[in-house]
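The lines below spell out each chain.
There are 4 protein chains.
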Amino acid sequence: MWKVGIIGATGYTGLTLILLLKTHPYIKINLLTSNTYKGKKISEVFPLLNGIMDEVLVPTDENHKGKCDVYFLCLPHGKSMESAEKLYDGRSIIIDLSADFRFENIELYEKTYTKHLARHLVPASVFGLPELYRDEIKTKKLIGNPGCYPTSSILGIYPLVKNRLIDGNIFIDSKSGVSGAGREAKLGSLFCEVSEGFRPYNIGVHRHEPEIQKEINKYQDIKIRFVPHLLPMNRGILTTIYGKLKEPLKTENAYELYKETYKDEPFIRILNPNTYPDTRFVRFSNYCDIGFKMFDDGSFVVVSAIDNLIKGASGQAVQNMNIALDIDEKTSLTGLPQYP
Amino acid sequence: MWKVGIIGATGYTGLTLILLLKTHPYIKINLLTSNTYKGKKISEVFPLLNGIMDEVLVPTDENHKGKCDVYFLCLPHGKSMESAEKLYDGRSIIIDLSADFRFENIELYEKTYTKHLARHLVPASVFGLPELYRDEIKTKKLIGNPGCYPTSSILGIYPLVKNRLIDGNIFIDSKSGVSGAGREAKLGSLFCEVSEGFRPYNIGVHRHEPEIQKEINKYQDIKIRFVPHLLPMNRGILTTIYGKLKEPLKTENAYELYKETYKDEPFIRILNPNTYPDTRFVRFSNYCDIGFKMFDDGSFVVVSAIDNLIKGASGQAVQNMNIALDIDEKTSLTGLPQYP
Amino acid sequence: MWKVGIIGATGYTGLTLILLLKTHPYIKINLLTSNTYKGKKISEVFPLLNGIMDEVLVPTDENHKGKCDVYFLCLPHGKSMESAEKLYDGRSIIIDLSADFRFENIELYEKTYTKHLARHLVPASVFGLPELYRDEIKTKKLIGNPGCYPTSSILGIYPLVKNRLIDGNIFIDSKSGVSGAGREAKLGSLFCEVSEGFRPYNIGVHRHEPEIQKEINKYQDIKIRFVPHLLPMNRGILTTIYGKLKEPLKTENAYELYKETYKDEPFIRILNPNTYPDTRFVRFSNYCDIGFKMFDDGSFVVVSAIDNLIKGASGQAVQNMNIALDIDEKTSLTGLPQYP
Amino acid sequence: MWKVGIIGATGYTGLTLILLLKTHPYIKINLLTSNTYKGKKISEVFPLLNGIMDEVLVPTDENHKGKCDVYFLCLPHGKSMESAEKLYDGRSIIIDLSADFRFENIELYEKTYTKHLARHLVPASVFGLPELYRDEIKTKKLIGNPGCYPTSSILGIYPLVKNRLIDGNIFIDSKSGVSGAGREAKLGSLFCEVSEGFRPYNIGVHRHEPEIQKEINKYQDIKIRFVPHLLPMNRGILTTIYGKLKEPLKTENAYELYKETYKDEPFIRILNPNTYPDTRFVRFSNYCDIGFKMFDDGSFVVVSAIDNLIKGASGQAVQNMNIALDIDEKTSLTGLPQYP
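Protein chains in written order, with this note's numbering: chain L, 79 to 418; chain G, 79 to 418; chain U, 79 to 418; chain E, 79 to 418.
So here's chain L without its partners, still in its complex pose (with noise of 0.2 Å):
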């Protein structure tokens, strides 16, 4: 049983990570922090787990270095590249949820996030997307866990642009449920001020914006225009990507092409063609299910979807996990999507 710490663990994707860590066969959760409610039981912030598991919450800050073979921080970026650097120790394995080591470009993150305080670590660091960098994930230690709308974004968009088919810039218009946003008592997480209404924000300024660019740009020399929406719901993004081929494709080949291209990943679903992602059919899975329509002058429109705390978060980081610790990748995430 290797021991798993979970720094910052009562956020959503804390959560997430204990409910899905919580039956998996070779894990035992050892460790779980809080600032906020530190020596208060997980169970006391949230009910749901009563007489599941009533551990007690430890200070963030205190020292939990060796104590735990692998360590998920869900904290803000910034604070993640403080512990991260108290913890690191070239032997147990850190997978970092918030944006600190997404970056192999330290300008980069700099420019878009804040000064970097663990930079001899980055080179250490590997981007955890695993349909891309599954090679390479086997062999770090640090594990930058990507952001949710990068996910959607990135596993919709790679077919076309890792064949170099896309001519001129696209537009990736992405909408995220409201967990997105955290767990904190923000103003514009109110139910009151997110149901009943929906509205784009931060347009070509939004910080997932260069996490996409700097991916899509290992393939192709084209911009992204990035617009994220907040959408009255708890969970799931849809990612609808328009932009134009270089030569038109028949959307039954374009099926063939991404059929092939994530013909061994076991949590990408290519639906058949005209029928479209929803993100009720990929809820509580790790599934990332892509659809698309190609037009006969070029245009086209791929559409993906998501769960924006499992496969966007939590369930992603557990499949790097597994992956890390050279265990089958599906282990733990084998829940089905679940509706109504």
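Just so you know, the hints here were simulated from the structure itself, not pulled from any lab data.
Do not take every clue at face value.
Put simply, identical chains are the same to the list, so a pair is met inside one copy or across any two.
As the list claims (entries may be wrong) - Quick list of in silico lysine-lysine cross-link-like pairs, DSSO-like style, CA-CA up to 27 Å:
#1 LYS106 / LYS219
#2 LYS216 / LYS145
#3 LYS264 / LYS116
#4 LYS216 / LYS371
#5 LYS371 / LYS292
#6 LYS337 / LYS118
#7 LYS118 / LYS145
#8 LYS264 / LYS328
#9 LYS240 / LYS324
#10 LYS322 / LYS292
#11 LYS119 / LYS371
#12 LYS193 / LYS337
#13 LYS189 / LYS328
#14 LYS292 / LYS143
#15 LYS119 / LYS408
#16 LYS100 / LYS119
#17 LYS371 / LYS264
#18 LYS301 / LYS106
#19 LYS100 / LYS337
#20 LYS301 / LYS100
#21 LYS100 / LYS324
#22 LYS157 / LYS81
#23 LYS145 / LYS296
#24 LYS371 / LYS118
#25 LYS337 / LYS119
Model the placement of chains G, U and E on the given structure of chain L, informed by the hints.
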């Protein structure tokens, strides 16, 4: 491996059974029926099952006798008894999710619903509430799975009536998510007719009132008044029960009484005094959470919460199946509550 | 034109007052205050007011005495009485939406809330429920606008207690939309902590219980038990009241009693027997809809529905203002219910 | 007082017309029709109208010619033209909320919908988008009220195409609340099939695409790709439009262009640069809010928001009626946006 058939598989209880049984270690689903969608794959009806279960639906109206070891009937009342009549052979287990075999008293059934077409099977059946009838469930081949409102109501009040503590009548104020109305295209279940609103319905005339009443009357001769309400959410029932005790009880003593009554029950959680259930904390699980407040004049408030599709329907049906098959009652029912 | 000030204009009751008063023919809003947003335009706080009202917010803490003919205090309890103390001059009308002037009995107020800092003003105030205190409202300059739960509860039960028909205690099961919790960044009001869930809270200890209790005790010496619940929706309160009559009453006779009691009330609608209120049917209006069911053993169920922000707060405040100004009570309150 | 008839009054557009027209100073509703609910009071169909409007519904299929000065046709396409055929007399004003008179090109209509049964009336009709066709609306007796998606799309992009600024194709990503699907008992509109999910549908084949396309082509020969999505909320459409300009424009200059284009429009609000529309800020009002972001490579994002039942349907219909009757265009349309 026991062979399982789901008769009427395209509603919410059918889908929930599929999701629960998919991972059951001793079960294989080998029959899914639907008249409406016959010939289609189940994954066409529920695209979330893409790549998970692609079986073809066969007509409900065909003869399915002898094909399975266990049949779940997810049909409307009236239709269920016809199906039971055809399938019953005294060997295979039939679990009926309709009301047709919930009443040992046929006259009461007929007064409440319609003419009973399989009267001779009624003595062979049992009211499938494991917490009250576990021993009998083990011996019967025809199980009348309780209604969702009755499950939450009876489990909430049972410790008080069993000990004959109640004086006078009680009021049961129950609130259900929309999935309780089923997956039929009805005006009253439309998003625009449900969301951003809340209403009672069928006050004093709901069909679940006699089902609750008959169980309570086995212990005390008191009258209930049942008032259902429709909640603008997908799943969950919260039931708030009001009445008066013969002798006042302290909340702490009530806590002991409830703990004692349900001490061997794997799916009942008695909440600490002064904490109360939330449907979110049982959502997607087979738990029934119970809390209460006792006043010094003998007035009491009991609150219970279940997921109407799990403990209120398909989860309880699987629990009954496990008991009837004499395997661990919790098999396939260890799914944790999920939120947000 | 009377000059109106809204003290604390950036919450939901403040916004609702603005929307109601904007079209009032005899009123001009000439003062909007906020400490948090001082210096900003109200349309920056509420962008829906773009081009409609662009006034700048001035600090709540400044001295605003003598500036207006009518002041609405949309402040937390405790703060309101401080503000009333500063503004009261026996000439301008002060309508307080907090609890500070709802209790004629100061001891009861202090037991329920906090030390009263403007005791000498209490005798000058009136409980602003027009259906019960219209005549007194005409003569007073300080009006304690009732709470949302009390408005729906008292209006629902009043015809029965006024005629001393009730035997024994009653249970008030009340369910409120989230806007009742105000526009503060609180964890418990987050979309992800409210949607897809339903729960009771503060059973037996909610501050609105004494407010309801004191009004009922003016007619009958009975005890109420008040149980509030939080609904996953924006606005609306539905209250279901349970109890027993001294003598059974037919539903039709109760209908006559209710119709007679409220025959001159412009905002109360008594529903036909066997039809019940839905919060959607009063949403955005000042109506209170009431329905009921009487049983032959004397048990009764009364159901009332209001929009908590209109009849439960700002609409009732405008109604009180109209009465106090001796103009048509319905002025600016003729907005129809709206759905979907 | 003009006499108004609503043909097909029991859907959401019919209800919204009733709510808007009830307070219109120059109008009297003297005809409400429904085949489904004929003989019932409108307040039985919509209990929110209790005591407000209790008129009895007469059959739609009767002959209503000559009874009214204005008819609103709230019927499905196909049925509307039959009704128009019967009612048209060149004197009374007919405003059709279906698609039957939105296309001046009958072939395009027939290709998109069905065989046209009132071809001779098409030349007498006008596309009822006041911002583009106000003068013509004044002179016509048959007005084809635009679709909800087209209203938001055309108003959003009009200033750019009118000035022939666009280079290449554009993508229109549009998201609608559920009321856009009407008040029919359809599986896809059920609460449990809509809430907590988000999906695109009919990509490239939605019937509103040609309606938008034909208007755009009056100014520029560019192709649009229209991608509708279904939002888990009642009302509101947000449309996000993507494309490229021939010459880059600064956001500030675009702001001037939009302000100038719509300078006399009472219902269009151009938002300040770097602020964006939210459907909540136009909800229940006839406003169309427009915001945008221009990039230095000529890429642009335009965002528009309307209430699909008001500016997207019944409000625009009343606006058209006011214009056609030569009264103040804003009459009965001054209702402010409402939230929460």
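For each hint, the structure was consulted:
no.: 1; hint: LYS106 / LYS219; result: within (19 Å within a copy, 41 Å between copies)
no.: 2; hint: LYS216 / LYS145; result: within (22 Å within a copy, 47 Å between copies)
no.: 3; hint: LYS264 / LYS116; result: both (21 Å within a copy, 20 Å between copies)
no.: 4; hint: LYS216 / LYS371; result: neither (35 Å within a copy, 42 Å between copies)
no.: 5; hint: LYS371 / LYS292; result: both (25 Å within a copy, 22 Å between copies)
no.: 6; hint: LYS337 / LYS118; result: between (48 Å within a copy, 23 Å between copies)
no.: 7; hint: LYS118 / LYS145; result: within (20 Å within a copy, 51 Å between copies)
no.: 8; hint: LYS264 / LYS328; result: neither (46 Å within a copy, 33 Å between copies)
no.: 9; hint: LYS240 / LYS324; result: within (13 Å within a copy, 29 Å between copies)
no.: 10; hint: LYS322 / LYS292; result: both (20 Å within a copy, 22 Å between copies)
no.: 11; hint: LYS119 / LYS371; result: between (49 Å within a copy, 23 Å between copies)
no.: 12; hint: LYS193 / LYS337; result: neither (41 Å within a copy, 41 Å between copies)
no.: 13; hint: LYS189 / LYS328; result: between (40 Å within a copy, 23 Å between copies)
no.: 14; hint: LYS292 / LYS143; result: neither (32 Å within a copy, 60 Å between copies)
no.: 15; hint: LYS119 / LYS408; result: between (30 Å within a copy, 25 Å between copies)
no.: 16; hint: LYS100 / LYS119; result: within (16 Å within a copy, 33 Å between copies)
no.: 17; hint: LYS371 / LYS264; result: between (38 Å within a copy, 26 Å between copies)
no.: 18; hint: LYS301 / LYS106; result: neither (44 Å within a copy, 50 Å between copies)
no.: 19; hint: LYS100 / LYS337; result: between (33 Å within a copy, 25 Å between copies)
no.: 20; hint: LYS301 / LYS100; result: neither (42 Å within a copy, 44 Å between copies)
no.: 21; hint: LYS100 / LYS324; result: neither (48 Å within a copy, 44 Å between copies)
no.: 22; hint: LYS157 / LYS81; result: within (22 Å within a copy, 51 Å between copies)
no.: 23; hint: LYS145 / LYS296; result: neither (37 Å within a copy, 56 Å between copies)
no.: 24; hint: LYS371 / LYS118; result: between (51 Å within a copy, 24 Å between copies)
no.: 25; hint: LYS337 / LYS119; result: between (46 Å within a copy, 21 Å between copies)
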